[in-house]
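Asks: With chain Z's structure known, arrange chain F on it following the hints.
There are 2 protein chains.
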Amino acid sequence: FLSTCSVAFRVIQEKRCSRGSMRKVIHSVKVGIALVLVSLLYLLDPLFTEVGENAMWAIMTVVVVFEFSAGATLSKGINRAIGTILGGGLGCLAAILADEFGGIGNAIVVGASVFIVGVAATYSRLVPRIKRRYDYGVLIFILTFNLVAVSGVRADKVIRLAKQRLSTIGMGFAVCIFTNLLIFPIWAGDELHRSTAAKFDKLARCLEGCLEEEPNNKAENLGAKVKDCKSVFHSKSTDESLANFAKWEPWHGKFGLSHPWDMYLETGEVLRELAALILSLGVCVQSSRQLHQATAIREPCEIIGLSLAWILRELGESIFNMTRCRAKALIAPKLEFIKQELSRLGSSLQIKGLEKDENLAMATFIF
Amino acid sequence: FLSTCSVAFRVIQEKRCSRGSMRKVIHSVKVGIALVLVSLLYLLDPLFTEVGENAMWAIMTVVVVFEFSAGATLSKGINRAIGTILGGGLGCLAAILADEFGGIGNAIVVGASVFIVGVAATYSRLVPRIKRRYDYGVLIFILTFNLVAVSGVRADKVIRLAKQRLSTIGMGFAVCIFTNLLIFPIWAGDELHRSTAAKFDKLARCLEGCLEEEPNNKAENLGAKVKDCKSVFHSKSTDESLANFAKWEPWHGKFGLSHPWDMYLETGEVLRELAALILSLGVCVQSSRQLHQATAIREPCEIIGLSLAWILRELGESIFNMTRCRAKALIAPKLEFIKQELSRLGSSLQIKGLEKDENLAMATFIF
Numbered sequence: 015f016l017s018t019c020s021v022a023f024r025v026i027q028e029k030r031c032s033r034g035s036m037r038k039v040i041h042s043v044k045v046g047i048a049l050v051l052v053s054l055l056y057l058l059d060p061l062f063t064e065v066g067e068n069a070m071w072a073i074m075t076v077v078v079v080f081e082f083s084a085g086a087t088l089s090k091g092i093n094r095a096i097g098t099i100l101g102g103g104l105g106c107l108a109a110i111l112a113d114e115f116g117g118i119g120n121a122i123v124v125g126a127s128v129f130i131v132g133v134a135a136t137y138s139r140l141v142p143r144i145k146r147r148y149d150y151g152v153l154i155f156i157l158t159f160n161l162v163a164v165s166g167v168r169a170d171k172v173i174r175l176a177k178q179r180l181s182t183i184g185m186g187f188a189v190c191i192f193t194n195l196l197i198f199p200i201w202a203g204d205e206l207h208r209s210t211a212a213k214f215d216k217l218a219r220c221l222e223g224c225l226e227e228e229p230n231n232k233a234e235n236l237g238a239k240v241k242d243c244k245s246v247f248h249s250k251s252t253d254e255s256l257a258n259f260a261k262w263e264p265w266h267g268k269f270g271l272s273h274p275w276d277m278y279l280e281t282g283e284v285l286r287e288l289a290a291l292i293l294s295l296g297v298c299v300q301s302s303r304q305l306h307q308a309t310a311i312r313e314p315c316e317i318i319g320l321s322l323a324w325i326l327r328e329l330g331e332s333i334f335n336m337t338r339c340r341a342k343a344l345i346a347p348k349l350e351f352i353k354q355e356l357s358r359l360g361s362s363l364q365i366k367g368l369e370k371d372e373n374l375a376m377a378t379f380i381f
Numbered sequence: 015f016l017s018t019c020s021v022a023f024r025v026i027q028e029k030r031c032s033r034g035s036m037r038k039v040i041h042s043v044k045v046g047i048a049l050v051l052v053s054l055l056y057l058l059d060p061l062f063t064e065v066g067e068n069a070m071w072a073i074m075t076v077v078v079v080f081e082f083s084a085g086a087t088l089s090k091g092i093n094r095a096i097g098t099i100l101g102g103g104l105g106c107l108a109a110i111l112a113d114e115f116g117g118i119g120n121a122i123v124v125g126a127s128v129f130i131v132g133v134a135a136t137y138s139r140l141v142p143r144i145k146r147r148y149d150y151g152v153l154i155f156i157l158t159f160n161l162v163a164v165s166g167v168r169a170d171k172v173i174r175l176a177k178q179r180l181s182t183i184g185m186g187f188a189v190c191i192f193t194n195l196l197i198f199p200i201w202a203g204d205e206l207h208r209s210t211a212a213k214f215d216k217l218a219r220c221l222e223g224c225l226e227e228e229p230n231n232k233a234e235n236l237g238a239k240v241k242d243c244k245s246v247f248h249s250k251s252t253d254e255s256l257a258n259f260a261k262w263e264p265w266h267g268k269f270g271l272s273h274p275w276d277m278y279l280e281t282g283e284v285l286r287e288l289a290a291l292i293l294s295l296g297v298c299v300q301s302s303r304q305l306h307q308a309t310a311i312r313e314p315c316e317i318i319g320l321s322l323a324w325i326l327r328e329l330g331e332s333i334f335n336m337t338r339c340r341a342k343a344l345i346a347p348k349l350e351f352i353k354q355e356l357s358r359l360g361s362s363l364q365i366k367g368l369e370k371d372e373n374l375a376m377a378t379f380i381f
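Note that the protein sequences, when read in sequence, are chains Z and F. So the first sequence is numbered by the numbering used here: it starts at 15 and just counts up by one. So the second sequence is numbered by the numbering used here: it starts at 15 and just counts up by one.
For reference, chain Z alone in the conformation it holds in the complex (with noise of 0.2 Å):
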């Protein structure tokens, strides 16, 4: 059986692996398609004599904002254009201003106002709330008010040139856009539901790797499991950084425009802390088991952690086909029955019990 099931893991873990670099390969060709789409504008004539030297804002654009996952992209790019049309206005407003002074007043003018709004623009991106979600928009802003108030002291048509500028990077967006989103769209969404779904899986086969007791026990194997466990006890800043994109993506699949994205992270910071709990448990189990103490309770908390896993298994299970946990009702006695086993023993493996019922709380409330 164990064989069987050491088998299907790596063949689940090859799939795994096949199935990432196989999304890498297909996001590559689709940055190459999209960026030859945008070149186009300078390679056809007719197109170039439209938009002249300012396809390069286009490319531009592509190469930049084209990210991953659509959310990523959506993302990068509604604050690229909110950015540019913000700096852009301002950046006129700033340049008309000067305009008024003329002489040396306009370049004082036009150097104060750089000067105010680049370290206003900057203190604002230390603020973690907007560092978060609107950092790359603020850089954008900066950059282009910059580029606008600068060079209306050049050029008197400012207005037309930035109107230009607009309406390539618009065109740089859209090219994004439909290659992103209509080629084979990787959705950060699914990434996490996947992400989290599996967390409970590795999880569960962490703490079965930490109670059983063969002889033929590979160390690596358990090893293995250990390093699993660490990886969803460091996955808070993925974590965050997908279900901020997540909120980005529009309706796809089963996830609405209001589903629940912030629910991932409090079940996920649950896990976390369940995963600092087993990974504990194991090393509490090792050593008593190099003292050869305490087999009178060992037989009780095996059985309890492994009905733990299977509770974890199920859960997980029920997260990632968003059923209601069809369990429910099964899952219910097996934690009155742990419970009363843990207040029969009394042991210090309380604490995974009430973990567990808190998980099942947030489980259950998800759904």
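Hints may contain errors.
You can't tell identical chains apart in this list, so a pair holds if it fits in one copy or across any two.
List time: in silico BS3-like cross-link candidates among lysine-lysine, alpha-carbon distance up to 25 Å [as the list claims (entries may be wrong)]:
| id | residue 1 | residue 2 |
| --- | --- | --- |
| 1 | 241 | 268 |
| 2 | 145 | 38 |
| 3 | 38 | 261 |
| 4 | 268 | 38 |
| 5 | 145 | 268 |
| 6 | 241 | 38 |
| 7 | 145 | 244 |
| 8 | 145 | 241 |
| 9 | 250 | 145 |
| 10 | 177 | 244 |
Bear in mind the hints are in silico, worked out from the structure with no lab data behind them.
Replies: Chain F only, in chain Z's frame:
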């Protein structure tokens, strides 16, 4: 004594807070200065006649490359420079090659080279090792290659154009380096050093918080300590990016060119494991307190815990001051004593002793 401690803690907290926001203000003002300096290329007539419209690229470089820490700025700047040179060179080659064909063949060769280079470079951006250190460089490579190759179709003076852009980018970079490194530089290495040393202190405080047991032990006080402990354990990605930037930084203060930044990552890894253990220890202690159990072994456990906290503080301080652990002679017998206590108790707390040993080994390895 405790109230003194808490006051001291609050003062440190506030000081750190104000220091943090002070640095943010300094950074913002530096960005403002750099922007004004680079705008002079437009504003002053003699400079403008020299560089012309290409001054735009200098502004863009400053806005995009100027980062919070010196290491991040250098890393981005050098990446940008190398990406521009390589992309420009390869783009010129592609444009010249395409010129050989002429007519419609020209456009086809350019389109094909854009596609191939775009796909290959985008794929390389997804390789973790390249992504970590050279992501921005590859992005700029793609951008420059496209711009040069595509506009080569139109402009015969591609090489002159590339040279001009390169020199303005160089000017922008020089302004960045000047303002970022010479005016109140903020070093990523310093930050990593300080945060690593502070982690020891946080863990020690959390450990004490878990163990101490006065009647007026406010829950919120403990909560703050646990939060500190959690912040240690989510510090992986911050640490990694700081270490990455620190490697780009030149010699400064006590930090040489070959300062072992990777050691900080290893120490951080061990500290994160320790944080997980302390967190679960805290839960264990709480639940055992609720059950009024195991009072017999509580006192020795507390003694052990407090001396561990003391050792942690000592280690953190010696790392902060970069002195060879002054208390090495003091710590070794303490650890010996703890080990004896533990083997006497034979409790699951042993894991902490082991962990500590490893930690000490690591710390002495560094110095």
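Asks: Check the structure against each numbered hint from earlier and tell me which ones fail, lowest number first.
Replies: Violated hints: 1, 5, 10; rest satisfied.
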